[in-house]
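Q: Using the sequences plus the hints, can you model the full thing?
Protein chains: 2
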Amino acid sequence: MEAYLITIGDEILIGQTINTNAGYIGEKLSGLQIKVAKDVVIPDNEEIIIREFDYGLKNYDIVLVTGGLGPTHDDMTRKCIVKYFETELVFNEGVFEEIKTFFAKRNRVITEVNKDQAFVPKIATVINNRRGTAPGTWIEKDGKIFISMPGVPHEMKGMMEDFVIPKLSEITRGKVKTILMDTLLTTGIPESVLYEKLGSLEELLDGGKIAFLPSQYGVKVRVTVEAEEEKEAKNKLSQIEQRIRSKVGRFIYGKGEEKLEGVIGRLLADRALTLATAESCTGGLISSRITDVSGSSKYFERGIVSYSNGAKVELLHVDEDTIAEHGAVSEEVCRQMAEGVRAVSGTDLGLAVTGIMGPTGESEHKPIGLVYIGVCDENNCTIREFHFGDDRILNKQRTSQAALDMLRRHVLGIPYDD
Amino acid sequence: MEAYLITIGDEILIGQTINTNAGYIGEKLSGLQIKVAKDVVIPDNEEIIIREFDYGLKNYDIVLVTGGLGPTHDDMTRKCIVKYFETELVFNEGVFEEIKTFFAKRNRVITEVNKDQAFVPKIATVINNRRGTAPGTWIEKDGKIFISMPGVPHEMKGMMEDFVIPKLSEITRGKVKTILMDTLLTTGIPESVLYEKLGSLEELLDGGKIAFLPSQYGVKVRVTVEAEEEKEAKNKLSQIEQRIRSKVGRFIYGKGEEKLEGVIGRLLADRALTLATAESCTGGLISSRITDVSGSSKYFERGIVSYSNGAKVELLHVDEDTIAEHGAVSEEVCRQMAEGVRAVSGTDLGLAVTGIMGPTGESEHKPIGLVYIGVCDENNCTIREFHFGDDRILNKQRTSQAALDMLRRHVLGIPYDD
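Those protein sequences? They're chains Z and G, same order as listed.
Numbering of the first sequence is given in my numbering, commencing with residue 28 and proceeding in unit increments.
Numbering of the second sequence is given in my numbering, commencing with residue 28 and proceeding in unit increments.
Don't take every hint at face value.
One copy or any two copies: either way a pair holds, since identical chains are not told apart in the list.
Listed below are the simulated PhoX-like cross-link pairs for lysine-lysine, each with C-alpha atoms no more than 20 angstroms apart in a straight line [as the list claims (entries may be wrong)]:
1. 282 / 106
2. 236 / 106
3. 171 / 110
Hints listed in this document are in silico derivations from the structure and should not be mistaken for laboratory results.
A: In structure tokens form, the structure reads like this:
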């Protein structure tokens with residue numbers, strides 16, 4: 028089965044909103060072994076919207092539309108559905124009750140435009156919206172499936188989880204041959220080095236496919252295999268994964284949708300280790316990532332964002348003379364920050380970063396992108412020097428990733444000799 | 028002039044990578060008054076890529092392609108360019124020198140696959156890549172423009188800034204009628220309330236267009252006007268903006284691409300005010316956002332991520348009995364955190380948050396999404412209670428935005444009586 032995703036919204040075409048919905052839906056459909064053949068983003072224009080509905084339904088099995096369902100006048104998907112499917116709007120009591128409940132829970136007064144959202148296309152099955160007011164629609168016609176959902180990401184995700192994924196899963200079950208996919212997440216190794224280290228791809232893959240996806244967080248390695256039987260595909264995939272791990276295993280921190288902060292969380296929780304962080308140049312990004320993980324209060328005790336030198340001295344007991352002699356961005360200060368935050372917090376581990384994120388702040392011997400990261404336990408400290416690029420935000424992200432990876436390697440005892 | 032954006036990559040279709048490039052390019056082209064008519068994402072498939080090149084060049088003035096130029100075997104854009112334009116690859120000495128310099132600067136050894144990137148389509152003008160190794164290409168043929176750039180966002184952005192935007196700007200200058208657009212950034216007011224407060228859109232807009240773009244950071248209000256002369260368009264736009272501000276001005280924190288942390292930064296720097304933060308539930312996200320701004324060290328002194336109760340007591344001098352009596356998520360603790368962080372840091376302002384981000388941690392009287400935010404100066408403290416949703420990451424983002432907006436209102440003396 029092939030799907031065509033239509034995202035509606037001028038705001039996406041002109042770059043005011045990033046299209047995260049298509050990615051989320053693509054991932055979920057791939058999981059159901061429905062191939063996303065093409066994504067398209069089109070403007071809030073009735074003629075173009077209807078033309079794309081028609082193109083999609085003529086060429087693919089599933090057309091999935093997001094956007095254009097909000098309460099304001101610029102949203103026109105519902106109107107286009109009525110027109111294209113030659114149906115009409117009918118008042119839906121159930122939807123109206125849900126909208127009322129939604130507002131009551133938030134102590135907000137219902138408005139006229141919200142009431143209007145209880146009118147839905149007669150031909151459609153309603154998809155309830157537990158996180159907002161605009162309902163979604165599911166239409167089956169001439170063997171094709173047409174789905175429309177709001178563009179607000181968490182509303183759309185709620186509908187996917189509650190309704191669309193279970194329903195599509197029912198429909199696809201047993202119909203398709205097995206394609207399995209796995210993604211190994213690496214960090215700390217550039218794409219071309221990774222590629223060379225893997226050697227002959229033909230030997231490695233034995234008929235499978237591989238793709239490399241670089242970003243500031245590292246290179247993702249995606250492996251795809253195809254087979255008649257699920258068991259055979261699983262075996263193939265696991266063999267390829269083992270071969271990859273034997274060559275670059277040290278750089279692999281996780282799989283699939285995992286995040287490094289989640290991996291760290293499990294490592295610390297499993298070992299009952301506690302952590303405190305001291306951040307200068309990342310300004311709290313590392314602790315924010317660590318606390319993105321539900322349950323992080325079990326191992327994360329505190330974070331100090333010692334942006335000023337005064338804060339480094341007062342809160343982390345960094346020696347003033349060391350700052351004067353070596354500068355705040357130095358191996359020595361980084362070490363004292365990591366040791367200091369561990370000592371004042373009474374945690375098992377201390378993690379510290381100091382660096383120059385740019386675009387200003389460089390000096391003769393200290394270029395933009397220079398970063399020191401340190402990790403300490405009771406007995407050992409490791410301090411490493413990094414050279415990142417010249418973009419402030421990317422540098423913060425790269426630094427946070429390198430810091431969390433040093434923590435991972437420290438806890439797992441993986442050395443840096445490769 | 029109309030543009031067609033083609034993004035190539037299986038990783039985007041299956042949702043492993045979010046397509047941020049299309050948004051960035053859309054924004055830049057809109058700025059040049061080039062209309063992005065349609066975005067499309069297609070797989071790494073030679074036949075489909077060539078079909079899209081052809082469709083784009085037949086229907087639009089500019090075709091802009093990203094992706095598929097990396098050093099590994101799954102990248103096939105260059106091959107498709109050679110085939111579609113019936114040209115050949117030639118070795119480019121200049122590109123090879125740049126690749127060598129790129130590697131030398133990073134103390135890395137050049138690999139065979141990197142050398143291969145110095146071969147470029149003969150028909151093309153090379154777009155240099157100062158942040159990576161794959162060159163871009165610019166081809167003009169039969170009055171149409173074809174541009175190809177790598178998919179790695181910061182490499183693509185470098186090429187856009189250095190080459191593509193200046194060159195397109197030259198081409199479009201003087202050719203088009205004036206369309207101006209402005210975006211007012213609001214926060215703390217739901218889309219439907221905003222819509223109602225604005226009243227009659229016809230009166231408000233006088234022929235202009237308006238769109239509402241909600242997210243967890245607030246609702247963006249985009250206004251578009253069209254006129255023969257630039258001066259006339261500017262006048263129209265500024266009148267509409269004034270009318271909107273007279274109705275909902277308190278909720279507007281900025282314009283266009285501004286971020287709230289940037290607005291805060293200017294407010295504090297202009298007034299020579301200093302700030303310290305105390306975060307519990309946001310885990311450092313607020314200080315990370317504040318320090319995303321270059322020059323933030325002038326006003327941001329430190330941040331305390333007091334995740335444990337112990338850290339709240341030790342570092343912020345929150346009273347243990349207050350925690351025992353009211354709980355860590357309470358108005359009283361929030362007040363002590365804001366006062367405490369201000370006192371220990373010696374700053375003009377203290378900002379504090381404590382809340383329950385979910386998905387666990389609720390209790391009988393304290394649901395998930397409950398947040399207290401406090402801002403204090405020498406004389407006054409304001410503490411407000413918020414009720415957000417049930418998604419941990421969205422709740423962190425909403426809390427950080429509400430906290431920064433309370434800071435903005437505090438510094439500007441804007442009350443909450445509406």
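Q: Now tell me, hint by hint, if it's right for this structure.
A: Here is what the structure says about each hint:
no.	hint	verdict
1	282 / 106	neither (42 angstroms within a copy, 31 angstroms between copies)
2	236 / 106	between (43 angstroms within a copy, 19 angstroms between copies)
3	171 / 110	within (18 angstroms within a copy, 35 angstroms between copies)
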